[in-house]
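Peer 1: Letter by letter, the chains look like this.
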Amino acid sequence: MNEALKMQISAFVDGELPDNESELLLRRLCQDAEMRRQFAGYLRIGRLIRRDRDVPGMDALRGRIAAALGDESLPIHEKSADVGSGFISPTTGIAVAATVAVVALFGLSRMSVPDDEGLFDAVAIDMAPSYTEPSVEDVLMNSPSERQLDYLRRHSDSSPDFGASDIIYRMADFQVTEGLVVIEPDGHLAGTGEEDTAEEEGGAASPSGTSQGQ
Amino acid sequence: MTAESSDARLVRRVQKGDKGAFDLLVLKYQHKIVNLVMRYVRDPDLALDISQEAFLKAYRALPRFRGDSAFYTWLYRIAVNTAKNHLAAARRRPMDVELDLQDPEQYDLHAKLKETDTPEGVTMSRELHETVEKAIEALPEDLRTAIVLRELEGMSYEEIAQTMDCPVGTVRSRIFRARDAIGKKIGHLVD
Numbered sequence: 001m002n003e004a005l006k007m008q009i010s011a012f013v014d015g016e017l018p019d020n021e022s023e024l025l026l027r028r029l030c031q032d033a034e035m036r037r038q039f040a041g042y043l044r045i046g047r048l049i050r051r052d053r054d055v056p057g058m059d060a061l062r063g064r065i066a067a068a069l070g071d072e073s074l075p076i077h078e079k080s081a082d083v084g085s086g087f088i089s090p091t092t093g094i095a096v097a098a099t100v101a102v103v104a105l106f107g108l109s110r111m112s113v114p115d116d117e118g119l120f121d122a123v124a125i126d127m128a129p130s131y132t133e134p135s136v137e138d139v140l141m142n143s144p145s146e147r148q149l150d151y152l153r154r155h156s157d158s159s160p161d162f163g164a165s166d167i168i169y170r171m172a173d174f175q176v177t178e179g180l181v182v183i184e185p186d187g188h189l190a191g192t193g194e195e196d197t198a199e200e201e202g203g204a205a206s207p208s209g210t211s212q213g214q
Numbered sequence: 215m216t217a218e219s220s221d222a223r224l225v226r227r228v229q230k231g232d233k234g235a236f237d238l239l240v241l242k243y244q245h246k247i248v249n250l251v252m253r254y255v256r257d258p259d260l261a262l263d264i265s266q267e268a269f270l271k272a273y274r275a276l277p278r279f280r281g282d283s284a285f286y287t288w289l290y291r292i293a294v295n296t297a298k299n300h301l302a303a304a305r306r307r308p309m310d311v312e313l314d315l316q317d318p319e320q321y322d323l324h325a326k327l328k329e330t331d332t333p334e335g336v337t338m339s340r341e342l343h344e345t346v347e348k349a350i351e352a353l354p355e356d357l358r359t360a361i362v363l364r365e366l367e368g369m370s371y372e373e374i375a376q377t378m379d380c381p382v383g384t385v386r387s388r389i390f391r392a393r394d395a396i397g398k399k400i401g402h403l404v405d
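Going line by line, the protein sequences match chains Y and F.
Okay, so the first sequence: first residue is 1 according to the numbering used here, each after it adds one.
Okay, so the second sequence: first residue is 215 according to the numbering used here, each after it adds one.
No lab work stands behind these hints, which were simulated from the structure alone.
You may find that some hints are simply not true.
[As the list claims (entries may be wrong)] Only part of the chain Y face toward chain F is listed, based on derived beta-carbon distances under 10 angstroms:
hint, residue
1, M7
2, Q8
3, I9
4, F12
5, L26
6, A33
7, Y42
8, L43
9, R51
10, D52
11, A60
12, A66
13, A101
14, R147
On a predicted model such as this, the values are computed, not experimentally measured, just so you know.
Glycine residues also receive a C-beta, built at the ideal position from the N, C-alpha and C atoms.
One chain only, chain Y, in its complex shape (with noise of 0.2 angstroms):
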């Protein structure tokens, strides 16, 4: 132990320590054995000098009390102040600042705008809805092969009538069959003039077009 450090434990012992090296000095006393030897040695002169007495057995006190208390501690009790220094440990900081670089590094990457045109489209893609509708032109382009219809014709037949099979089946049939629908300039689907027309004046007292058009 350096005589600046006895120095200061002398000061201690008569409280005129600066506050600026007390916090210090105390922190130290408490965990060095041998500094607070040095403190008691000092507390001891003082009681010699004047001519203070002691109780017998005396020394041995202060080795009682630690045997007594042993390994039992107090109850921490943690104040408002504390916490803020404790309010996020270690390891939780370093994971909550691994977590906030990832989703930065990920979301920048995802952010960032390079000059791809490619990407837009990419963007346009994830917006559009998940489902497509076909053109009327794909409908008809795309129409079923004889052997499709062969089995959409045998399969409705033990399908029941509002199946989706069932409207596939009776599309087709009429598209191909029958031959009634043509496309319109516009690329809609449009019946004959004539059943336009029925529909129009009996279409609310006839339950179905079909049945007038034939």
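Got chain Y sorted already, so can you dock chain F onto it with the hints?
Peer 2: Okay, now just chain F, sitting in the frame of chain Y:
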């Protein structure tokens, strides 16, 4: 730093689980507490037992100590209550008729201790005191004046600095060097 503020810091450290801080508080106040308890009981061994119990009670009650009063005042009350409880349990009356509990320093402990000192203890004590007196006499005058003003007159460093017409830092150094010199002279007797 005043003794009170250093006590407050030590108490906070104990409350956070630092036993070394409690050891320092024991070192600082054990003699005062034992002398206080000796006002209630005649037997020094019993006084030590009661003092030990008082310190243990204080340690266990420290989490509830809010610092409304100084630590020593609080410890003093615990020690007095422990001594009184012991007397009540033993169905004895305190040996002193009237005690001024507000001023324990006024009580003459010497007369009581003289009755209980062993011959070996008396011899050792006499030798120690003679050695200390010789060590003080051997000190340079500035060191001797500083340590006497501090330990016997109870002056603060500031008051000593004014008396000796020197800086406070010099007082601090002189008191330390005086203690160091005395400590070296009595080392073989106390170790």
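Peer 1: Let me make sure I understand: some of the numbered hints might not hold for this structure. Which ones are they, in numerical order?
Peer 2: Violated hints: 13 and 14; rest satisfied.
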